[in-house]
Amino acid sequence: MTQIQLEKLESEEYSSSKKGKIGSLLKFYLIPGWRNPEFYAKEEEIGRIKSKRRLFRRLLTPLTIAGFIMILFIVVMGVYSIWLTPYTIDELSLPYLPKGGIPFNPPSSEHPLGTTKYAYDILGRLIWGARTALTAAALPVIVGTAGGLVVGTISAYVGGKIDSIIMRIADFWFSFPSLILVIILAPMVGQDLYNLLLLFGLFSIPGAARWVRALVLQVKQNVYVRAAITGGAEKFKVMFKHVLPNAMSPILVGFFGAMGGAILGFASIAFLGLGDESFADWGTDIAYSRGKTTALYAVFWPGLLIAIAAIGFMLIGDGLRDALDPRLHI
Amino acid sequence: MPRQARNMLKYVIKRVLFMFPLLLAVLVFTWLLSHMMSVDPYLNKLGQVMDRETIERFLRQSGYYDPWYIKLGIYLRNFFAGDWGESYIILPNKKVIEIIMEITPRTIELMIFPIIIVPLIAIKLGVTSAKNKDKPRDTLIRGFAIVGAGFPVFYLATLVQLFVGITLRDFTYGGINLEVVYANSPLLRNPVPEGGVGTGFRIIDSILYNNQEYLFDTLTHLILPLICMTFVSLSAVTRMTRSTMLDVLDQDYIRTARAKGVKERDVINKHALRNAVLPTSHMIISGTAAALLGSLFVEITFNYTGFGYYMITAIWAGDYIVINGLLIFSTIIIISGTLIADVAYTIIDPRIIY
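Each protein sequence line maps, in turn, to chains A and B.
The numbering of the first sequence is the working numbering, which starts it at 1 and goes up by one.
The numbering of the second sequence is the working numbering, which starts it at 1001 and goes up by one.
Among the hints, erroneous ones may be present.
Said to hold, decoys possible - Pulled a few chain A residues facing chain B out of the computed Cβ check, cut under 10 Å:
| no. | residue |
| --- | --- |
| 1 | P177 |
| 2 | P187 |
| 3 | Y224 |
To be verified - Not close to chain A: a few residues of chain B, all C-beta gaps over 12 Å, as computed:
| no. | residue |
| --- | --- |
| 4 | L1009 |
| 5 | D1138 |
| 6 | S1330 |
Source of the hints: derived by calculation from the structure; they are not laboratory data.
For each residue, glycine too, the CB sits at the ideal point set by N, CA and C.
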């Protein structure tokens, strides 16, 4: 090859377009095991030939499939709630009181599962409550995980005095029983749904930061991190490009587990009567019908759906952890 | 002293010394919290007085207009002197310390059975589940544990209460009549006679004073909350043991032990379990401390007047003095529990050097 062609080849190889950078960076983080095809061409070829059957077979054990089905059921109920019930969302929660309804009516032809405290239809509240439940699962966990990631990574990476100060602050927040603290602060913050969820998320940041810090310290001991530092990469680049993506799998597993816990925590707060009553929520249903011994259906169905949602998220988290564990030689 | 023990002693002393500033920070935080509560505490003391001057004089005397550092100083001095205030809404004019001394034995009675039984059963279940991974036995145990972890506690408690207390009673026409609504039948009195020595624990008191009716009554009222608490604790510890055991069973030293010819039972119990039980022990010990407080929902459902019951009724009523006292008490327990768990961590695993 001539000199000109060689130079052209070299320049082609190392030029990277600005276009796909953010997309590829996001994919690098969110999809465990995805690598940029530019830098891993040979491995890509092999991966395309080799089948992904093993990963799927480890993922799809019976319990994990059950978890997926449960979550799919709840998501479908939430997405298609307009077509699944004749009541709109305004008719099923507090500022609206249905006229001419009997509270705690047994199941009849008009209300397939009976009515609850202010003569709301239980089936309608179950279906619209799926939306509230998914919001209550997603919002605190996203806030908590993002905050924990930032604080934990910075603390683990900087090290030294700042690290111990941040850990002391996290210890301080950790020594409060978090559920009791949220219950105490809930009447002060107001009974708005988003305020409560934000409070939940903020209180889970110290725990998440501790956990991420332990994880990052574990990953930092690997040889490739030291190789990258020796190669001359700057501190933050090493943190974001080498350390963090390899710690992503446990964080993803913890994300799903935390979503299950967030649903249960929010239902507990609503059970005590401190939840938001202008949303059709499952926990508020249980609070409405707590002592009624003749209206078992008003207690049974919302609690069952809370359980299904929480169990589904936990099963998916367990299945992901079993499948993505790099040490199993199966 | 050998170097390792000296390091461990230094670590323990450092942790204990850190506890005091932490406690101080917790006190300041709860004091701040009590200032944000919105129920006016002076109306009860004043009664029907409508006169503006009297109200202002009373407030000035009680320290309402003092600057914040004086209020904080008085609060801290009272706290360390033993005066934690008096409740003003839920149990009027009863000292908070007396309330805590009365209700802690009841919560301990509720908690002692799960604390003893759960680690024994749950570790065995977790080990079995990890040994036969993806076999029917594992799926069964995992399903059982997930039911306990996924169903909300209050839901299980409410269902059990309604089923056993009402449906079963109506079904058998009063044959199986297990009362589930109170902590004791309201007609029975405390077995400690006037001027006698009592420990505060109802079971021990009724054994000491030979009051069988009270003992039987207490025990039957304790059964259902105990079942709920045990079930929830069992599932959490089983899941944790299973996951740590799975991590350990893939290590190379287990493979070496099997290749060496060690019996399978010894491989699991002697080599694998000792490494796997480490995070679980941390969770059990600090969970013991948290379990004293985690019985909130079970106690509210069964009307069992323990720690959680008073906490929640105080929050509903807005009685910030009781909330303060109970919150500080629970924080002290959690801090000491975490400290004991960390020290036990270093005792169990001698490789950890600080």
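>> Please verify that the nearest CB of chain A lies beyond 12 Å from B:D1138's CB.
In response: violated (9 Å)
>> Min Cβ distance, A:Y224 to chain B: is it shorter than 10 Å?
In response: Cβ of A:Y224 sits 21 Å from chain B, so the hint is violated.
> If you take the shortest Cβ to Cβ gap from A:P177 to chain B, is it below 10 Å?
Replying inline: holds (5 Å)
> Can we keep the A:P187 interface hint, with Cβ of chain B closer than 10 Å?
Replying inline: Result: holds, 7 Å to nearest chain B Cβ.
> Was B:L1009 rightly flagged as not at the interface, with every chain A Cβ beyond 12 Å?
Replying inline: The claim holds: B:L1009 sits with its nearest Cβ about 20 Å from chain A, beyond 12 Å.
> Would you say B:S1330 is clear of chain A, with no C-beta pair closer than or equal to 12 Å?
Replying inline: violated (6 Å)
Against the hints set out earlier in the document, violations occur for numbers 3, 5, 6.
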